[in-house]
Amino acid sequence: MAIIRPRLVWQRASVLRLIQETPQVKSLVLEVPGWEGHRAGQHLDVRLTAEDGYQAERSYSIASAPGALSSGAGAEVTLTVERLDDGEVSPYLTDVLRPGDEVEVRGPIGGWFTWRPEEGGPLLLVAGGSGIVPLMAMIRQRAAVGSPVPVCLLYSCRGYEEIIYRQELDRLAAADADVGVVYTLTRSQPVGWQGYERRIDQAMLEAVAWAPEERPLAFVCGPTPLVESVATLCVALGYTPERIKTERFGPTGGATSTTP
Amino acid sequence: MSIPFVSRGFTGRRQRSEEAQRLPPGQYLVRGFPVLSAGPTPRTPLERWDFSIVGAVDQPRRWTWQEFQQLPQETITKDIHCVTKWSKLDTMWTGVSLDTLLQGMTTSAKYVLAFCDGDYTTNLPLDDVTGGKAWIVHAYAGAPLAPEHGGPARLLAPHLYFWKSAKWVRGLRLLAEDEPGFWESLGYHNYGDPWKEQRYAGD
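Heads up: the protein sequence lines correspond to chains A and B, in order.
Here the first sequence stands for residues 1 to 260, numbered as in the working numbering.
Here the second sequence stands for residues 261 to 463, numbered as in the working numbering.
You may find that some hints are simply not true.
What the hints assert, rightly or not - Capping the alpha-carbon separation at 30 Å, the derived lysine-lysine pairs in DSS-like fashion look like this:
1) Lys245(A) / Lys348(B)
2) Lys393(B) / Lys456(B)
3) Lys348(B) / Lys26(A)
Just so you know, the hints here were simulated from the structure itself, not pulled from any lab data.
Please build the complete structure, drawing on both the sequences and the hints.
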């Protein structure tokens with residue numbers, strides 16, 4: 001039976017504010033009129049148009065939990081964008097865009113890499129770099145609705161300053177015993193760093209992740225080498241392949257990007 | 261009359277014209293080879309691999325890996341277009357044409373559902389996998405197809421968005437009635453013509 005879905009149309013969204021998350025990463029808080037809502041993990045297409053009509057489109061993951069209303073007639077939808085130095089669209093979004101500007105968007109898009117609180121857990125969330133973004137929407141929704149589902153986030157970054165949402169993650173972990181946040185910093189570590197400082201491997205997953213007997217639901221998002229490796233390790237640990245959902249992230253979906 | 265939308269301060273980066281002409285609307289060019297998949301990469305040993313054609317056919321067919329390799333092989337160079345907006349030009353593949361695999365078969369089917377290791381499926385009209393439009397490929401740029409790119413073998417139907425070119429393919433089910441596959445059930449377009457920008461349901 002086919003599910004009838006309304007056609008996704010391009011619509012204008014206005015920039016409410018910009019948040020500098022890390023030196024290379026900004027969040028764009030958009031007001032989207034008539035937003036039908038989204039599920040944590042989904043993304044949004046963004047389209048830019050030059051004066052001569054030339055257009056460029058890209059997809060960005062939604063970082064906000066569903067259900068945030070704006071003061072106007074729409075909803076607040078937050079995208080988090082990593083600035084790619086050789087990118088065509090991301091430097092515009094991070095460097096040129098300012099509050100009051102408009103962008104064209106359509107979505108939400110993607111019906112697989114999503115989580116709703118009623119789907120339960122426990123959740124294993126594994127992120128590399130800006131792959132945290134769709135996972136953050138899940139963490140934020142869980143907190144917003146007061147879901148008791150235990151969540152474990154393993155987040156691989158190059159350095160401490162590159163951890164996106166660090167203060168918010170630390171605050172959520174400190175406030176809730178059912179939220180575990182573990183970072184691994186693969187390139188540089190601050191003085192006195194006591195955490196992991198290598199790429200995610202089997203020993204790290206065994207130490208951090210849920211046992212397969214707990215029937216965890218795993219979401220893995222990041223550059224391709226990380227996603228390939230972590231998903232394979234999760235299968236080796238005994239996770240059910242059908243309960244491991246993956247999404248590639250990064251400049252071109254991952255293959256040419258560097259691994260955090 | 262609505263005023264055409266312009267993104268303040270956006271100039272964009274245009275492709276060279278001969279390349280731009282090969283890009284469907286909304287696509288951009290990549291030089292690398294991005295990887296996309298919904299779950300862990302399945303790994304099927306070649307001695308357990310087979311390819312079958314089942315469903316509304318007079319006689320189901322099945323090839324082992326060895327038998328498959330002995331079929332007439334073609335090397336094709338095609339542009340590919342992913343619904344996530346990247347396109348890659350002049351990709352070179354080696355494999356067996358679906359025309360070869362379906363040759364002499366009697367069927368009333370109008371559709372096919374490709375099925376794969378990892379339970380992925382995708383649906384196409386039968387007319388879109390015949391007439392020199394689709395292949396089962398096992399090599400990319402002259403080397404065995406890597407597992408993350410769909411090896412041992414994947415469907416190649418490059419005239420449609422690349423999610424139709426199912427990775428880890430193990431067979432085709434011929435169907436009288438159309439049946440949506442994995443992404444087609446999750447909001448993506450049922451047919452997926454990149455030149456008509458049929459990305460999502462309703463496009």
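Results of checking the hints against the structure:
1. Lys245(A) / Lys348(B): Holds. Lys245(A) to Lys348(B) sits at ~25 Å (cutoff 30 Å).
2. Lys393(B) / Lys456(B): Answer holds: Lys393(B) to Lys456(B) is near 18 Å, not above 30 Å.
3. Lys348(B) / Lys26(A): 28 Å, holds
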